Amino acid sequence: MATPGYGRIVRDGLWENNGVLVMLLGMCPTMAMTATATNGFGMGLATAVVMAASSLMVATFRNYITREVRIPVYILIVAANVTFVDLAMNAYMHELYKVLGLFIPLIVSNCLPLARLESFASREPVLPSLVDGIFMGLGFTLALTLIGAVREILGSGTLFADASLLLGPAFKVVEMRVMPADMGVLLFILPPGGFLVTGLIVVGKRMLDIRAGKGIQMAGAHSV
Amino acid sequence: MKQRTLIHGVILGLFCLGFGLALALTEYVTHDAILARAMEDRQNSLGQVIPTAIHDNNPVVDTIQMQDAAGRELTVYRALKGGRVTGVAFEVFGSGYAGKMKFMLGVDAEGRVLGVRVLSHKETPGLGDKIEVKKGDWILQFAGLSLGDPPAEKWAVKKDGGRFDQFTGATITPRGTVAAIRSGLDFYAAHEAQLLEVN
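Line by line, the protein sequences give chains U and R. If you read the first sequence in my numbering, its first letter stands for residue 1, the second for the next number, and so on. If you read the second sequence in my numbering, its first letter stands for residue 1, the second for the next number, and so on.
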């Protein structure tokens with residue numbers, strides 16, 4: 001299989017082969033971290049960093065990792081990258097760590113990085129793998145932020161609450177109250193709401209794709 | 001076949017060794033910075049539960065070692081003014097929805113809460129984490145309260161017949177928090193003489 005072009009990799013990562021909305025991978029952090037849009041966004045970004053670093057490393061060493069031991073090696077690399085990010089952020093970006101720190105260990109439980117290492121980074125050159133890691137991570141961020149926004153509006157009546165804690169005081173302007181707090185439906189903040197909203201957004205995405213005449217491509221989506 | 005198995009083992013072993021070394025190096029480089037950050041956090045949280053107006057010493061270094069009701073070693077930070085103890089601060093523990101929660105509790109010389117802040121917890125983001133002062137005012141309501149005010153049976157969340165609000169979607173977290181603060185006040189009441197003694 002020839003290495004796909006960068007435009008293809010970007011489109012796949014963000015939309016056409018989106019890790020959450022098409023491949024339905026990484027459901028554990030998706031359900032756990034999308035009670036608010038801000039949490040989803042933070043989790044997505046942390047995951048993108050780990051995915052980019054892991055894809056880069058696996059692609060670099062791809063000729064030395066034999067088939068038989070590749071899975072433990074991938075897990076080792078993902079777990080090591082998670083720990084690097086965790087330690088470095090704790091030491092040098094402590095304010096951000098206080099907000100994101102809760103999410104970082106959860107990245108190990110995400111099978112999306114592992115899936116991309118197996119199906120992309122282990123076969124392709126270094127640079128396309130890095131781009132794939134970055135854009136799959138950003139696609140993950142997009143999906144989590146979207147699910148988080150819907151759950152937050154329906155469940156708490158706010159949008160991007162606490163964004164200024166994550167991104168700095170300048171982002172106070174994006175924090176909104178869409179409707180009074182007591183109108184929120186608790187179900188949407190709880191785990192069942194996560195499944196419902198994720199399912200509805202997957203349906204919505206497919207309808208958009210079918211309307212655009214691209215529905216057939218769904219069959220080509222690979223799952224691991 | 002044997003030969004191949006050996007090669008795989010060696011490859012896996014080399015990766016483990018390489019990343020193990022890299023992790024050890026990262027830990028070594030970040031170790032001091034992480035400790036320093038933890039110390040700053042403690043000073044910040046101490047400043048929030050002991051107002052600077054009531055002391056002329058440095059409570060972070062003016063400490064005594066005691067044992068709490070569970071037999072744990074407890075460091076008590078003391079605020080002194082004019083040679084008299086005006087307040088103490090110490091850690092209290094509560095059990096939350098997802099594990100242990102750690103708080104810093106400040107108590108004045110009359111047994112009233114000066115302030116309480118969460119130091120660490122694993123509660124659900126968006127639900128239980130409203131005990132953090134950054135995410136809500138809930139934890140501030142305890143300032144000025146003592147064992148008699150409200151009366152003992154009201155030291156509980158509303159669901160349990162007490163006077164403190166639980167959160168939407170989270171009752172266990174506030175319940176554990178209220179119990180932790182109460183246990184801290186019990187500890188203060190039981191050891192008041194020792195805590196206020198100036199040595």
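Possibly wrong hints are sitting among the right ones.
Restricting the straight-line Cα-Cα distance to at most 27 Å, the calculated cross-link-like pairs of lysine-lysine (BS3-like) are [what the hints assert, rightly or not]: (1) R:Lys-159 with U:Lys-172; (2) U:Lys-98 with R:Lys-158; (3) R:Lys-81 with R:Lys-122; (4) R:Lys-100 with R:Lys-130; (5) U:Lys-172 with R:Lys-130; (6) R:Lys-102 with R:Lys-154; (7) U:Lys-98 with R:Lys-154; (8) R:Lys-81 with R:Lys-135; (9) R:Lys-122 with R:Lys-158; (10) U:Lys-172 with R:Lys-135; (11) R:Lys-102 with R:Lys-122; (12) U:Lys-98 with R:Lys-122; (13) U:Lys-172 with R:Lys-134; (14) R:Lys-81 with R:Lys-130; (15) R:Lys-100 with R:Lys-154; (16) R:Lys-122 with R:Lys-100; (17) U:Lys-98 with R:Lys-102; (18) R:Lys-100 with R:Lys-81; (19) R:Lys-130 with U:Lys-98; (20) U:Lys-98 with R:Lys-100; (21) R:Lys-158 with R:Lys-100.
Hints are computed from structural coordinates only; laboratory data are not their basis. Keep in mind the model is a prediction, meaning the values are calculated, not measured.
Against the structure, the hints:
1. R:Lys-159 with U:Lys-172: At roughly 34 Å apart (the allowed maximum being 27 Å), Lys-172 (chain U) and Lys-159 (chain R) break the hint.
2. U:Lys-98 with R:Lys-158: violated (30 Å)
3. R:Lys-81 with R:Lys-122: Violated - the C-alpha atoms of Lys-122 (chain R) and Lys-81 (chain R) are around 36 Å apart, more than 27 Å.
4. R:Lys-100 with R:Lys-130: holds (16 Å)
5. U:Lys-172 with R:Lys-130: Distance ~18 Å between Lys-172 (chain U) and Lys-130 (chain R) Cα, so the pair holds.
6. R:Lys-102 with R:Lys-154: Satisfied, since the Cα-Cα distance of roughly 22 Å is no more than 27 Å.
7. U:Lys-98 with R:Lys-154: violated (33 Å)
8. R:Lys-81 with R:Lys-135: The hint is violated at about 33 Å.
9. R:Lys-122 with R:Lys-158: holds (23 Å)
10. U:Lys-172 with R:Lys-135: With Cα atoms ~14 Å apart, Lys-172 (chain U) and Lys-135 (chain R) stay inside 27 Å; holds.
11. R:Lys-102 with R:Lys-122: holds (10 Å)
12. U:Lys-98 with R:Lys-122: Holds, at about 12 Å.
13. U:Lys-172 with R:Lys-134: The hint holds at about 14 Å.
14. R:Lys-81 with R:Lys-130: It is violated: about 34 Å lies between the C-alpha atoms, which goes past 27 Å.
15. R:Lys-100 with R:Lys-154: holds (23 Å)
16. R:Lys-122 with R:Lys-100: Answer holds: Lys-122 (chain R) to Lys-100 (chain R) is near 7 Å, not above 27 Å.
17. U:Lys-98 with R:Lys-102: With a Cα-Cα distance of about 15 Å, the restraint between Lys-98 (chain U) and Lys-102 (chain R) holds, given a limit of 27 Å.
18. R:Lys-100 with R:Lys-81: Cα-Cα ~34 Å, so violated.
19. R:Lys-130 with U:Lys-98: holds (14 Å)
20. U:Lys-98 with R:Lys-100: holds (17 Å)
21. R:Lys-158 with R:Lys-100: This hinted pair holds, its Cα atoms lying about 22 Å apart.
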